[in-house]
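Fit chain B to the known structure of chain A by using the hints.
Chains as they are written, first to last, in the numbering used here: chain A, 18 to 280; chain B, 12 to 197.
In short, the hints are calculated from the structure, not lab data.
Please read all numbers here as calculations on a predicted model, not as lab measurements.
Each hint should be verified, as a subset may be incorrect.
To be verified - Now the stretches of chain B that chain A is said to cover, found in silico as 3 or more residues with beta-carbon under 8 Å: (1) 14-26; (2) 128-137.
Said to hold, decoys possible - Partner residues aside, some chain B positions facing chain A, computed with beta carbon under 10 Å: (3) Trp33; (4) Arg36; (5) Gly37; (6) Val95; (7) Leu98; (8) Arg115; (9) Ile116; (10) Ala118; (11) Leu119; (12) Glu123; (13) Val124; (14) Ser125.
To be verified - Not close to chain A: a few residues of chain B, all C-beta gaps over 12 Å, as computed: (15) Ala34; (16) Gly81; (17) Val83; (18) Leu97; (19) Ala101; (20) Arg105; (21) Arg112; (22) Ser121.
All C-beta atoms in this analysis are idealised placements derived from N, C-alpha and C, irrespective of residue type, glycine included.
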Amino acid sequence: MLAQLPISSLVTWGLATLLTLILLGRIVWLGQYRDYPLFTGYLACNLLQTVVGVYLYRRYGFSSKSGFRIGWTTQAFVVVARALAATEMCRHVLGKFRGIWAMASRILVICGALVFVAAMYFGRSGYKFAVMTLEIGLESFIATWVVGLFCFARYYHVKIPETIRMLGLGLGLHSVVKVLNDVVFERLVKAYLIEWNYVATSGFLAVLAIWVWGFWRPVEAGVSQPATSAPNVYWELMPQVNRRLLELNEQLGQLWRTEPRRP
Amino acid sequence: MNHVFFFVAVIFALGLALLLFWALRGVSSRKGVNEGLEILEKAPRHVGNMSQIRQALDEADLQFAAEKGGPVLAARMRLERRHVMLLYLAAMRRDFDKLLRIARIVALLSPEVSSSHEFDRLRLSAIFRMRFEWTKLRLLMGSYVLPQTDMLGQMVATLATQTEMAMVRLGERAALAAELAVQSER
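So here's chain A without its partners, still in its complex pose (with noise of 0.2 Å):
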């Protein structure tokens, strides 16, 4: 049955399983899953959800209904468990910084909800493909969420372990690459089947070989603990710092109007 699949389908799975049982051979022997176990898991899930897949479409087809169900059944698991891993993430980078990751996560989560909300409203393409547009808004919402947490991290000046940015980079290209294929395919539907399942495995492959680079040396498992400062100094020092500034902005502004002293 699998032999129906085009071979270049068939190598980039094949290479995307083999590829998967070294980076999660590589975590387990490095005990880097004590740091990770929430990617562990859903590399994991993923090589689970390949048997399961190999087991259907030789049962029962690529076709069947059952074989659809199921199969797709497993995706909602795998991206719930990729969820989980970038949330993993989030911590890893931020959630050290108490006050930070606080306000952090609450507008991640807002933004990321936002995304899906829109994503699920205007992407909607009736029942047929309920399962794909529910697919686009979850990889939504997981793309936001990192790429929103890197530009905080990045505006705080928070230096990243190249692991954790290896990680977040790939979980971030997967699921644009998922919302991509996923859009591409409910335009062509058809014309654009044996592509998209080619793209999507071919985008793992290459987010598997970040993996692969990013986890290959054991290093630190997250930022540096700080220790935290007293609550007031924030509350003290913050707002005089955001009123001189806004002092500043009203003064420069005035300025502008301000004719310029010629020699």
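Using the frame of chain A, we list chain B on its own:
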């Protein structure tokens, strides 16, 4: 699926990818927390040169040079004066950035932060930069903008002084610096 959603979704996804690379490039090329220590140790320094800058930009000086030394000397002085002003503007911007960096470090180390304060600072610094660039552009185009620069310098100086005073008064500066030192060693 309608066309608008398709295009919006594609642009959104590509935009996110670009933003991801931009943000990651930023966090990988940070100078680290050593820079933070330096900031805490050195208050903005352009303030000390304020009186010399004002003296150098005095209109009477230029007029005096034109009368005594001729138009060639006056033109040369004008060019040098513009160069000095540009350097001074750059120094002011560096000072401003340092102050913002202090605010960020304090926010990072605080167990509680206010999103409204943080957003305000982000918005105000964006506006400041925009106006600052405009002032610089005017200078490059031939305006001498002495009043703007003078007041801008005073404002940055006041901000620096107040920030510094607040930090000293709260008795947290040493703790912050020590913490940053520990972080930089890790």
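Go through the numbered hints given earlier and state which of them the structure violates, listing their numbers in rising order. Going through the list in order, the structure violates hints 6, 7, 15, 21 and 22 and respects the others.
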